[in-house]
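Let the hints inform the model, and build the full structure from the sequences given.
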Amino acid sequence: MSRIALIGASGAVGSRLLKELSDRGHTVTAIARHPEKIAGFPGVAAIQGDAADQGGLARLLAGHDVVISAVRFAGIEPSALIEAVRASGVKRYLVVGGAGSLEIAPGKRLVDQPDFPEAYREEALRGAAFLDELRKESELDWVFISPSAMFGPGERTGNFRLGQDALLSTEQGSHISYEDYAVALVDEIEHPAHSRQRFTVGY
Numbered sequence: 019m020s021r022i023a024l025i026g027a028s029g030a031v032g033s034r035l036l037k038e039l040s041d042r043g044h045t046v047t048a049i050a051r052h053p054e055k056i057a058g059f060p061g062v063a064a065i066q067g068d069a070a071d072q073g074g075l076a077r078l079l080a081g082h083d084v085v086i087s088a089v090r091f092a093g094i095e096p097s098a099l100i101e102a103v104r105a106s107g108v109k110r111y112l113v114v115g116g117a118g119s120l121e122i123a124p125g126k127r128l129v130d131q132p133d134f135p136e137a138y139r140e141e142a143l144r145g146a147a148f149l150d151e152l153r154k155e156s157e158l159d160w161v162f163i164s165p166s167a168m169f170g171p172g173e174r175t176g177n178f179r180l181g182q183d184a185l186l187s188t189e190q191g192s193h194i195s196y197e198d199y200a201v202a203l204v205d206e207i208e209h210p211a212h213s214r215q216r217f218t219v220g221y
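Counting from 19, one number per residue, gives the positions in the sequence shown under this note's numbering.
No wet-lab data here; the hints were simulated from the structure.
Please note: incorrect hints may appear among the correct ones.
Straight-line alpha carbon distances no greater than 20 Å define the calculated EDC-like cross-link-like pairs of lysine to aspartate or glutamate that follow [said to hold, decoys possible]:
no., residue 1, residue 2
1, Lys126, Glu101
2, Lys109, Glu206
3, Lys109, Asp83
4, Lys55, Asp68
5, Lys37, Asp183
6, Lys109, Glu151
7, Lys154, Glu95
8, Lys126, Glu54
Quick list of the computed label-pair ranges, beta carbon to beta carbon [unchecked claim]:
no., residue 1, residue 2, range
9, Ala211, Arg90, 21 to 29 Å
10, Asp71, Gly172, 29 to 37 Å
11, Glu189, Gly93, 34 to 42 Å
12, Ala184, Ser213, 13 to 21 Å
13, Asp68, Glu189, 36 to 44 Å
14, Glu136, Met19, 39 to 47 Å
15, Ala30, Glu208, 16 to 24 Å
16, Arg42, Leu180, 12 to 20 Å
17, His52, Tyr138, 22 to 30 Å
18, Pro124, Glu173, 27 to 35 Å
C-beta: ideal position from N, C-alpha, C; glycine also.
Here is the structure:
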């Protein structure tokens with residue numbers, strides 16, 4: 019089992035990742051600005067940390083096998099967070115990504131479409147910029163995992179599809195639950211298949 023540092027462990031996605039990691043027997047350092055909001059699970063140590071504190075975060079991450087970041091892109095500078103991971107000495111870095119940078123057709127990103135919700139545009143553009151920064155990174159063994167367009171609470175079914183840069187959709191639309199997204203991300207930790215790549219998960 020791996021020693022994993024999870025940044026943003028109290029959030030909607032982070033809390034599902036935390037449960038999935040604990041259920042599979044991993045040891046997790048759960049990091050959040052308000053650690054009292056982190057759910058208590060076996061093998062989990064909750065500690066206070068801030069993604070904006072580059073030096074402090076690097077010290078918290080040191081000594082782990084894997085780092086996961088599950089934080090909003092709008093509140094961070096990509097270079098600062100990536101540098102904190104690099105400075106920690108941890109090589110494997112998995113990022114909870116966004117759907118906006120996925121393509122609906124070759125060369126046509128979801129975020130650039132006129133009907134893309136304005137409320138989510140800044141976050142989506144920041145996520146795309148983060149992915150661009152990762153693609154320049156040669157030191158870290160990174161993975162950027164994009165959900166489908168509709169991403170919210172639901173069931174853990176274990177039944178989903180994986181893709182690369184194209185948005186996954188069905189006749190019912192493009193969606194994935196937080197719970198099944200967590201399954202896909204932890205699967206990638208346990209069985210690496212997308213080194214220095216982005217992939218997506220959907221039904």
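Okay, the hints, checked on the actual structure:
Taking the CA atoms of lysine 126 and glutamate 101, the gap is about 30 Å. The hint is violated against a cut of 20 Å. Of the pairs offered as hints, the one joining lysine 109 and glutamate 206 holds, with about 15 Å between alpha carbons and a cut-off of 20 Å not exceeded. With a CA separation close to 8 Å, the supplied pair lysine 109 and aspartate 83 stays within the 20 Å bound. Of the supplied pair hints, the one linking lysine 55 and aspartate 68 holds, its CA atoms being roughly 14 Å apart against a limit of 20 Å.
For the hint linking lysine 37 to aspartate 183, the alpha-carbon distance of about 27 Å lies beyond 20 Å, and the restraint is violated. For the hint linking lysine 109 to glutamate 151, the alpha-carbon distance of about 16 Å falls within 20 Å, and the restraint holds. This hinted pair checks out: lysine 154 and glutamate 95 have alpha carbons roughly 15 Å apart, not beyond 20 Å. Distance restraint check for lysine 126 and glutamate 54: the Cα-Cα separation of roughly 42 Å exceeds the 20 Å cut-off, and the hinted pair is therefore not satisfied.
Checked against the given bound of 21 to 29 Å, the beta carbons of alanine 211 and arginine 90, roughly 27 Å apart, stay inside it. Between aspartate 71 and glycine 172 the C-beta distance comes to about 33 Å, which sits within the given range of 29 to 37 Å. For the pair glutamate 189 and glycine 93, the supplied restraint of 34 to 42 Å holds, since their beta-carbon distance comes to about 36 Å. Alanine 184 and serine 213 have their C-beta atoms about 20 Å apart, which keeps the hinted 13 to 21 Å range intact.
Restraint check, aspartate 68 to glutamate 189: a C-beta distance of roughly 43 Å satisfies the suggested window 36 to 44 Å. Between glutamate 136 and methionine 19, the C-beta spacing of about 43 Å keeps the proposed range 39 to 47 Å intact. The hint said 16 to 24 Å for the Cβ distance between alanine 30 and glutamate 208, and at roughly 23 Å that hint holds. Remark: the range hint 12 to 20 Å for arginine 42 to leucine 180 is upheld by a beta-carbon distance near 18 Å.
At about 24 Å, the beta-carbon gap between histidine 52 and tyrosine 138 stays in the expected band of 22 to 30 Å. Range check, proline 124 to glutamate 173: about 33 Å between beta-carbon atoms, so the 27 to 35 Å window is met.
Against the hints set out earlier in the document, violations occur for numbers 1, 5, 8.
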